[in-house]
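Trainee: Below, each chain spelled out in residue letters.
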Amino acid sequence: MQIPVEGFMYPNEVELQWSVLIVLYPFLTGLVAGAFILASLERVFQVEAVKPTYRLALLTALAFLMVAPLPLQLHLGHPERSFEMYLTPHGSSAMAMFGFVYLWYLLGVLVLEIWLDYRRDIVAMSQSTTGWKRLLYRTLTLGSTNISERSLHIDERVGWLITVIGIPSAFLLHGYVGFIFGSVKANPWWSSPLMPVVFIFSAMVSGIAIVMLLYMLMCWIRREAIDMRCADTVAKYLFYTFIIDFSLEMLDLIHRIYEADESFRSLDFMVHTRLFLSQVVIQILVGTVAPIGLLALTQVLKLADMQRKRIYGVAGCLTLVGIFAMRWNVVIGGQLFSKSFLGYTTYKMGFVAREGLLTAIVLTVLPFVILWVLLKLLPPWPEKHPSTTSAAASAD
Amino acid sequence: MNITRRQMLILLPAAAVAWDHILAGTPEASPNYNMTDHWWGMLIDITKCIGCGSCVRGCQLENQVPDGYFRTWVERYHVADWELEYPKVDSPDGGKGGFPIAKEEGGKNFFVPKLCNHCADSPCTQVCPVGATFVSPDGVVLVDQKYCLGCRYCVQACPYGCRFINPKTETANKCTLCYHRITKGLTTACCEVCPTGTRQLADLKNPKDPIHEFLRTHSVQVLKPHLATRAKVFYYGLDGSVR
Numbered sequence: 000m001q002i003p004v005e006g007f008m009y010p011n012e013v014e015l016q017w018s019v020l021i022v023l024y025p026f027l028t029g030l031v032a033g034a035f036i037l038a039s040l041e042r043v044f045q046v047e048a049v050k051p052t053y054r055l056a057l058l059t060a061l062a063f064l065m066v067a068p069l070p071l072q073l074h075l076g077h078p079e080r081s082f083e084m085y086l087t088p089h090g091s092s093a094m095a096m097f098g099f100v101y102l103w104y105l106l107g108v109l110v111l112e113i114w115l116d117y118r119r120d121i122v123a124m125s126q127s128t129t130g131w132k133r134l135l136y137r138t139l140t141l142g143s144t145n146i147s148e149r150s151l152h153i154d155e156r157v158g159w160l161i162t163v164i165g166i167p168s169a170f171l172l173h174g175y176v177g178f179i180f181g182s183v184k185a186n187p188w189w190s191s192p193l194m195p196v197v198f199i200f201s202a203m204v205s206g207i208a209i210v211m212l213l214y215m216l217m218c219w220i221r222r223e224a225i226d227m228r229c230a231d232t233v234a235k236y237l238f239y240t241f242i243i244d245f246s247l248e249m250l251d252l253i254h255r256i257y258e259a260d261e262s263f264r265s266l267d268f269m270v271h272t273r274l275f276l277s278q279v280v281i282q283i284l285v286g287t288v289a290p291i292g293l294l295a296l297t298q299v300l301k302l303a304d305m306q307r308k309r310i311y312g313v314a315g316c317l318t319l320v321g322i323f324a325m326r327w328n329v330v331i332g333g334q335l336f337s338k339s340f341l342g343y344t345t346y347k348m349g350f351v352a353r354e355g356l357l358t359a360i361v362l363t364v365l366p367f368v369i370l371w372v373l374l375k376l377l378p379p380w381p382e383k384h385p386s387t388t389s390a391a392a393s394a395d
Numbered sequence: 000m001n002i003t004r005r006q007m008l009i010l011l012p013a014a015a016v017a018w019d020h021i022l023a024g025t026p027e028a029s030p031n032y033n034m035t036d037h038w039w040g041m042l043i044d045i046t047k048c049i050g051c052g053s054c055v056r057g058c059q060l061e062n063q064v065p066d067g068y069f070r071t072w073v074e075r076y077h078v079a080d081w082e083l084e085y086p087k088v089d090s091p092d093g094g095k096g097g098f099p100i101a102k103e104e105g106g107k108n109f110f111v112p113k114l115c116n117h118c119a120d121s122p123c124t125q126v127c128p129v130g131a132t133f134v135s136p137d138g139v140v141l142v143d144q145k146y147c148l149g150c151r152y153c154v155q156a157c158p159y160g161c162r163f164i165n166p167k168t169e170t171a172n173k174c175t176l177c178y179h180r181i182t183k184g185l186t187t188a189c190c191e192v193c194p195t196g197t198r199q200l201a202d203l204k205n206p207k208d209p210i211h212e213f214l215r216t217h218s219v220q221v222l223k224p225h226l227a228t229r230a231k232v233f234y235y236g237l238d239g240s241v242r
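Protein chains in written order, with numbering that gives the first Met the number 0: chain A, 0 to 395; chain B, 0 to 242.
If you're looking for bench data, these hints aren't it; they were derived computationally from the structure. It should be emphasised that the depicted structure is a prediction, and the values quoted were computed from it without experimental measurement.
Residues on chain B that point at chain A, a partial pick, calculated with CB under 7 Å:
(1) Val88
(2) Gly93
(3) Val126
(4) Gln155
Calculated cross-link-like contacts (lysine-lysine; reagent style DSSO-like; alpha-carbon spacing at most 30 Å):
(5) A:Lys347 to B:Lys87
(6) B:Lys87 to A:Lys184
(7) B:Lys167 to A:Lys347
(8) A:Lys184 to B:Lys167
(9) A:Lys184 to B:Lys223
(10) B:Lys145 to A:Lys184
(11) A:Lys50 to A:Lys235
(12) B:Lys223 to B:Lys207
Don't be surprised by glycine CBs; every beta carbon is placed ideally from N, CA and C.
Can you build the whole structure from these sequences, using the hints too?
Mentor: Written out as structure tokens, the structure reads:
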């Protein structure tokens, strides 16, 4: 397949190395980190208004975290050797730490926190259910069936501690993803100390947006009224985080324009041509300015509940589109120009291929399927399950 | 001798492993080569390069480089006048078949052979998550093909575009400075076939190597010195427009 090239590329540069799957990877981990940080608002910072989203945020983070390594695995030339990253990690490589950061976050933080938070429910359900469900819940108790007042209090304290540790861990998880790109000195589009910070804030933006959307969607599916105090508070956090994120990105942009180093002409040309749609139109205008503007309206105008709900829905969707475009522009954009700064190549994405669009779509849908299963197994709304709560109460 | 079914089940995989080992053969030994006695690099005299592409062809034949990928290549620069920032560069098929007649008139034209710079502080080895790529004790950047994950991070990290993923092995591939040859006292394939002596293999640890005299008496440059990779491919006659 002939790849169109403009100007001069080093001959080995014509073919892009990192595909749409590598775009998906920071997008998914960003959602994980952001969802967890939203959950921590209630647990650590005592923001009671967002409590209805707490468990949903944790389960969302888990669902996306379970899928996050898959695009990487599919992308490797030798996935069967990926375990070597655990056995013989190369200390100087940013990527080598991925396995450890991932495992720490998955098992040391997220699973543990969810288990502690749900332990009471799990024990109750292991008593109230029958058949395979009973077996499953009994396994999930890990033999710890003591749900006395004192025991639950210990759970609460340990859970709080894990959340406190989890906040820097979430920053580490996604800041580190930013560092993977930001530390490549060969590539001026990536090489920036701001990259990890921008990644962290964009992660928070996307994570908050998806939990907000999922919360509203769940309420609609369950035919329950949206707790507007909760939605307003989440939207407020989304608005403020988004402003910080946008400011950082603009700072990076202004710095590049003013400094105008040797790469600037090449990068500037790229933004005005090959990345114009994905960066200027989708990322900045549609995915950032528009949602910030919409959210600002809800902050300054007194709008009715229905109007605010609609605005939150639209702003949330646009935010996710914008953050995905941001990941796209970082990963794909960073490979479209030559390191000689004299030419540009093209990204050709296949459809049914190992790293094609279909695979990317499946990997995007998969976390939602996992989340659906998790919501069935560990419902975040115990009040809908009278048998569960009554069982829990009797166990007390 | 009777072999039971259980014994057969144990013996068959063992026999397969042994047969695989026999087929692999033993690597050609270099008994007189001591890695710590050498520190390899290369000298490229741009004023001598005629753009014939022999080096690219020689490298491809010697190292079974797949079509469309390059362990070495040749670029042709055209610089019109004082605008060093915007040279016109071409490298049709890596310069493998030589170059067509230049269209531009005036200014200057010259050829720049490129290959891995075998950097002492190489960004590509720094980023490898499993250490499959490394700087050998004699200063050559190599890739362990049986260990590389094919994650492509090294390809991204190389500032010179010298690495690629071999579509046959799905692993990172690059110039080895013909390691299989230089450890036997031979020179690299590209140096061997160059008709003008543009490329010269250099042993920077050998005090008798003529490279030392050349470096003392000539102005030489490395590519992208601002990236501080301690590249060991030295260029004589390198124009400021070269990237």
